[in-house]
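Undergrad: Since the structure of chain A is provided, determine the placement of chain B on it from the hints.
These protein sequence lines map, in sequence, to chains A and B.
Heads up: the first sequence begins at 2 in the numbering used here, then just goes up one per residue.
Heads up: the second sequence begins at 8 in the numbering used here, then just goes up one per residue.
All clues stand as given, with none of them false.
Calculated lysine-lysine pairs in the BS3-like style (CA-CA distance at most 27 Å, straight line):
(1) LYS273(A) x LYS113(B)
(2) LYS236(B) x LYS273(A)
(3) LYS18(B) x LYS109(A)
(4) LYS273(A) x LYS110(B)
Honestly, the hints are just simulated from the structure, not real lab data.
It should be emphasised that the depicted structure is a prediction, and the values quoted were computed from it without experimental measurement.
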Amino acid sequence: MKKRKSFPDYMEIFLILLVLAAILMPLYWTLKISLTPDREIRSLPMKWGVSRLNFQNYRDIFLSSSKAVGTAYTFKRGLGNSLIVSVVTTVVTVFFGSLAAYAITRLKVRLGQVMTFFVLLTQMLPPVLLVIPLYIIGNKLGLLNTRTLLIISYVALNLPLCIWIMRGYFRTLPSAIEESALVDGCDRLGALFRIVLPMSGPALFTASLFVFNSAWNEFLFALVFTSDLKAKTMTVAMAEMIGRFRTDYGLMATSGILGSILPLLFVAFFQKYLVSGITGGAVKQ
Amino acid sequence: MKKKSLSLTAKDRRLGLMLLLPSIIILCAVIVYPMGHSLWLSFQNLNISNPARGRQYVGFQNYLEVLRSDDWWLSLLRILYFVAADLLVGISLGLGIALLLNKERKGKGVILAIIVFPYVLAPIVNSLIWKLIYDPNYGFLNGLLMQLGIIKDYVPWLAKPTLAIVMLIIANLWQGTPFSIVLFLAGLKSIPREEYEAAAIDGASKSASFRYITIPHLWPIIYMNVVMKTILTFKLFDIIYSLTGGGPGGSTTVVSMLIYRETFEYMKFGQGAAMSFLLLILVLLLVVIYSRMFKEEEI
Numbered sequence: 002m003k004k005r006k007s008f009p010d011y012m013e014i015f016l017i018l019l020v021l022a023a024i025l026m027p028l029y030w031t032l033k034i035s036l037t038p039d040r041e042i043r044s045l046p047m048k049w050g051v052s053r054l055n056f057q058n059y060r061d062i063f064l065s066s067s068k069a070v071g072t073a074y075t076f077k078r079g080l081g082n083s084l085i086v087s088v089v090t091t092v093v094t095v096f097f098g099s100l101a102a103y104a105i106t107r108l109k110v111r112l113g114q115v116m117t118f119f120v121l122l123t124q125m126l127p128p129v130l131l132v133i134p135l136y137i138i139g140n141k142l143g144l145l146n147t148r149t150l151l152i153i154s155y156v157a158l159n160l161p162l163c164i165w166i167m168r169g170y171f172r173t174l175p176s177a178i179e180e181s182a183l184v185d186g187c188d189r190l191g192a193l194f195r196i197v198l199p200m201s202g203p204a205l206f207t208a209s210l211f212v213f214n215s216a217w218n219e220f221l222f223a224l225v226f227t228s229d230l231k232a233k234t235m236t237v238a239m240a241e242m243i244g245r246f247r248t249d250y251g252l253m254a255t256s257g258i259l260g261s262i263l264p265l266l267f268v269a270f271f272q273k274y275l276v277s278g279i280t281g282g283a284v285k286q
Numbered sequence: 008m009k010k011k012s013l014s015l016t017a018k019d020r021r022l023g024l025m026l027l028l029p030s031i032i033i034l035c036a037v038i039v040y041p042m043g044h045s046l047w048l049s050f051q052n053l054n055i056s057n058p059a060r061g062r063q064y065v066g067f068q069n070y071l072e073v074l075r076s077d078d079w080w081l082s083l084l085r086i087l088y089f090v091a092a093d094l095l096v097g098i099s100l101g102l103g104i105a106l107l108l109n110k111e112r113k114g115k116g117v118i119l120a121i122i123v124f125p126y127v128l129a130p131i132v133n134s135l136i137w138k139l140i141y142d143p144n145y146g147f148l149n150g151l152l153m154q155l156g157i158i159k160d161y162v163p164w165l166a167k168p169t170l171a172i173v174m175l176i177i178a179n180l181w182q183g184t185p186f187s188i189v190l191f192l193a194g195l196k197s198i199p200r201e202e203y204e205a206a207a208i209d210g211a212s213k214s215a216s217f218r219y220i221t222i223p224h225l226w227p228i229i230y231m232n233v234v235m236k237t238i239l240t241f242k243l244f245d246i247i248y249s250l251t252g253g254g255p256g257g258s259t260t261v262v263s264m265l266i267y268r269e270t271f272e273y274m275k276f277g278q279g280a281a282m283s284f285l286l287l288i289l290v291l292l293l294v295v296i297y298s299r300m301f302k303e304e305e306i
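Isolated chain B (complex conformation):
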């Protein structure tokens, strides 16, 4: 009898839609519609700096032009370099540090709080901090290496093409690794202790139980890390824009930087839109490939 009075009435359903309506409107107005607009733009030739010509439908021309340009492929290579370093170094560091912290220990709460610090800062603050560290004359890094006697002359960290991208990767890892650590710690916590105890009784070595208990349990977390890091790194813009502006000599112009410049500096809106769709497709593809890879591994 009680159930009856509580089953959902038509009124409840209407209320449900009413409650959802604001969210639906906002999401449609700011995400769905602009995406459509962007897609439409990518087939137009729209140059805001040259309004006299107006816009015209150009079919796939924007896409073809992008795919034919060296800038596009170079910027892709650069971001792939970034992603690869981020995945390899970032995930190993994250797992390593999580293993290190996985013991009950005095001050664990404080240590964890400190570990999360970089994660909550604005990426712009992150680049501000590293600007102060990498400064060729007064920066901390040169000062430290000099005092340790490792270098004799000051190194202009962000002025050499091959070095600049590495320094950016380091700055990005400083901010990005805490996220991995937190995920891995949560994953480690969820592994039942009994499994280790049983393995120890059976005479398994530490490395064997790591290989056969820890890693399989952490597999979903590793997957999560790979996906999130890939997505985040492909979007990377803030620290590159503010620390190197894509330089020196274009050596740190990654995809998002290229899109920003083409669109808002050269005012090629159509091409910018085309590039951002290509980027989205690429990220989606990678995520699909990852999920295939990890699924097979699990079976």
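This is chain A alone, in the form it adopts within the complex:
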């Protein structure tokens, strides 16, 4: 028995399509520009499609080398730096964050409140408030323009949220399994690494997604702390392209697409984890 669609139903479908178009159109346009031959980008009137797919911009970025340091090479190195910084940040943050969360939930170290305070604090602080002193300290310690300084900063910025996510999950784990391991002669640390953490896959994964994405996308710290190819991240390289007076739009669009592939893959495959992470603290059960 099929219900006939009424006018309001069609209206709803139309509105949903409109929303989807508003979200997809800008992405499509960027993709289109990245695949458009240079001559065509600056031809009028505007065309919605491409006469033929042109992968020159992608080639320019991937085949660029240190022999001719230009925008494309800067971006390529930026991608590399971003990847290293984000991966290390994620591993370090999730590792230490899980340890801390375990201590707070199971070993009753009374710092739960303090941690909540830090979660709120790191959310509310204008990042520039930390950037100013960290720049001065980094300068003194000779850490400016290193990936190390970025990693240290990102770990600290993301730790509270990571602890928060892990703590929420540990609380839901029945302590019975852990206890039986303890009775069997396993020590606390063993129970954490051999039983609790292997059972925490989903939470570890959610936390990793959030930490990685936030490090991958960060801009202000990277802008202030890095100055050349050694440590400059992808977002800084992109901002340079955007700010340039005579911008190579094809190359710029391509860098935007390349910089978005990972986050978009996260959404495509792990939407559930992302959504649960976003709503985690917000919705009362």
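TA: Then chain B, alone, in the frame of chain A:
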């Protein structure tokens, strides 16, 4: 008997502290100590470009200078404009779209995934995308409006002071609204269906059940949205720095942009620190005011 063997021993407590230690050290080194340093800086006159003069304690002079400058108040007004637009338009859009999507429907998963797209992108990618759309000559927006016959001449979207800030708000909403949608969807899901059914049996109209069931249930979510959006928007920097650089004619120089420029372009570290503390205080104040407002509403 079993309990006894599992109660926390002194050893366990020591282990707990050991496990926490790395996190505590990192947080102190990168957040607590720098905050203190920044506070101290805000009472110093430190100009890195003029090291010969060194630094000196100047009391509240930095704060007073900031509070006396037009730039500060103008940048505040601009960010307040941003926040107001973000709250009004962003939250209504978020709620509206969430209501639209709140039905079980074929392809809901895919639709949701698409909706979340902008949220995960780097703000810098967001501005890159809008740079391509707003470009006065080859941008999508002018091309589209031209083809639809809405405009006759190309509009330089980011070159007119009053227009530029609106275009930035739109770009920011594109990225920020998915967050609201996701929150509202979760909120809508948590409303017990029975309440609607009971209301329908009692003959309540759709708008009445929206007013008396949906909105009260969503109140915490709306509160959450207001707080998060305010905090995030006050921090707004990336898209302004990269799309307009605060221009044209300073018309999009919001607070964080001003702080960045004073500190890292004019090298006035003391004033930069003072401004960022003023900004933090302002955000804290707003959050306190919000929580008062929403608490009263709930009673």
